[in-house]
Amino acid sequence: MSASGVLIAIPAWNESGSIAGVIDKVRKHQPDANILVVNDGSTDNTAALAEAGGANVVSLPFNVGVGGAMRTAFLYAKRHGYAAVVQVDADGQHDPADLDRLIDGLDQADIVVGTRFHENSMYFVGGPRRWAMVLLSKALSWMNKRTISDPTSGFRSAGPRAIELFAVEYPADYLGDTVGSLAIAIRNELVVHEEPVTMYFRQTGRPSKNAVWSALYLGRATLAIIATGLKGGYIPKGDLS
Amino acid sequence: MTAQILGAVAAIITFVFVFSLLRRGVLREKYAVLWLFFSAATLFFALVPSALVWISRTIGVAEPVNLLFFVTVVLLILVAVQLSYELSRHEARIRRLAEEVALAQRQIQELRDADGSD
Numbered sequence: 001m002s003a004s005g006v007l008i009a010i011p012a013w014n015e016s017g018s019i020a021g022v023i024d025k026v027r028k029h030q031p032d033a034n035i036l037v038v039n040d041g042s043t044d045n046t047a048a049l050a051e052a053g054g055a056n057v058v059s060l061p062f063n064v065g066v067g068g069a070m071r072t073a074f075l076y077a078k079r080h081g082y083a084a085v086v087q088v089d090a091d092g093q094h095d096p097a098d099l100d101r102l103i104d105g106l107d108q109a110d111i112v113v114g115t116r117f118h119e120n121s122m123y124f125v126g127g128p129r130r131w132a133m134v135l136l137s138k139a140l141s142w143m144n145k146r147t148i149s150d151p152t153s154g155f156r157s158a159g160p161r162a163i164e165l166f167a168v169e170y171p172a173d174y175l176g177d178t179v180g181s182l183a184i185a186i187r188n189e190l191v192v193h194e195e196p197v198t199m200y201f202r203q204t205g206r207p208s209k210n211a212v213w214s215a216l217y218l219g220r221a222t223l224a225i226i227a228t229g230l231k232g233g234y235i236p237k238g239d240l241s
Numbered sequence: 001m002t003a004q005i006l007g008a009v010a011a012i013i014t015f016v017f018v019f020s021l022l023r024r025g026v027l028r029e030k031y032a033v034l035w036l037f038f039s040a041a042t043l044f045f046a047l048v049p050s051a052l053v054w055i056s057r058t059i060g061v062a063e064p065v066n067l068l069f070f071v072t073v074v075l076l077i078l079v080a081v082q083l084s085y086e087l088s089r090h091e092a093r094i095r096r097l098a099e100e101v102a103l104a105q106r107q108i109q110e111l112r113d114a115d116g117s118d
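Protein sequence lines, in the order shown, are assigned to chains A and B. Numbered by my numbering, the letters in the first sequence go through residues 1 to 241 in order. Numbered by my numbering, the letters in the second sequence go through residues 1 to 118 in order.
If you are wondering where the hints come from, they were derived from the structure by calculation, not from laboratory data. A hint or two may mislead.
[Claimed, not checked] Interface residues of chain B toward chain A, partial, derived using beta-carbon atoms under 8 Å:
{"no.": "1", "residue": "Arg-95"}
{"no.": "2", "residue": "Ala-98"}
{"no.": "3", "residue": "Val-101"}
{"no.": "4", "residue": "Arg-106"}
Glycine included, C-beta positions come from ideal geometry on N, C-alpha and C.
Here chain A stands alone, though its shape is the one from the complex (with noise of 0.2 Å):
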């Protein structure tokens, strides 16, 4: 796939102190992608930094959360016809050297999830939140049919399908940009691979889960995930184009 069609999509909120680092080294690695970095209701100089950064930047009027984020910037690739969106986080947790994989899985898949758990990663999560993420891996893989290690993973790409699908219906609810955004895909019949990616640990900022919303991981996500599979086939209503 040609780099050219690729959107490196960054949603955005309150990164003022990594997102120039990250628009950096995305760019190095990706010279001739487009970067769209999404706003979501920065209270700080985020949407300056990246505009000075080079990228293109969408500020959304207010914050939505990564789902609405990411739901405007596969709007936008829809519009401007790229072939391909890859989601990279603004903390500076993805490794850009890892986008070249991504976007080659895409000759094979709809949609490639990057996985933090593999032989040589050094990310390890434990306690409930841990066993949320089995649970959650078990689920989706089911449902795949192939396995899903790390559905919880902002780092990922999609293909022209994907792109289709996600610029109508994308959801904004706690897990639902991460799982549940994967469990409309599956359920659409798209092709969801995975390939193993590095994790840094975050560069600025605080994780946003802290023990306590570990814990109700579990019974959110599994919540998450039966609505979703209750769905039914999804079709997308009405012509956003």
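We have chain A; now place chain B onto it with these hints.
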């Protein structure tokens, strides 16, 4: 007797309040109708308690007041669920609007840049 008066007064106050909201255009008809109906029904049973007694006997509820509470709770739950539904729908619509506004703003900026007037 006191309970009757209390019920009637509450129903009248609710009716007048909802009606004034409706008149000022603050409340939409589809919600107002429901509350007006509720207050009208409450007023009716406050003024004609024998009606409640008769209905209770007919469907086999020993204590008329229990029937009143039961029906009230069920109706209020239905209203709450309906409001949650409306709220979810509006949140989804507002989110879609926010996304479209963001993209439209971007497009305006791109057109301006291409035009060189900005």
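### Query
Which of the numbered hints are not met once you compare them with the structure shown?
Of the numbered hints, all hold.
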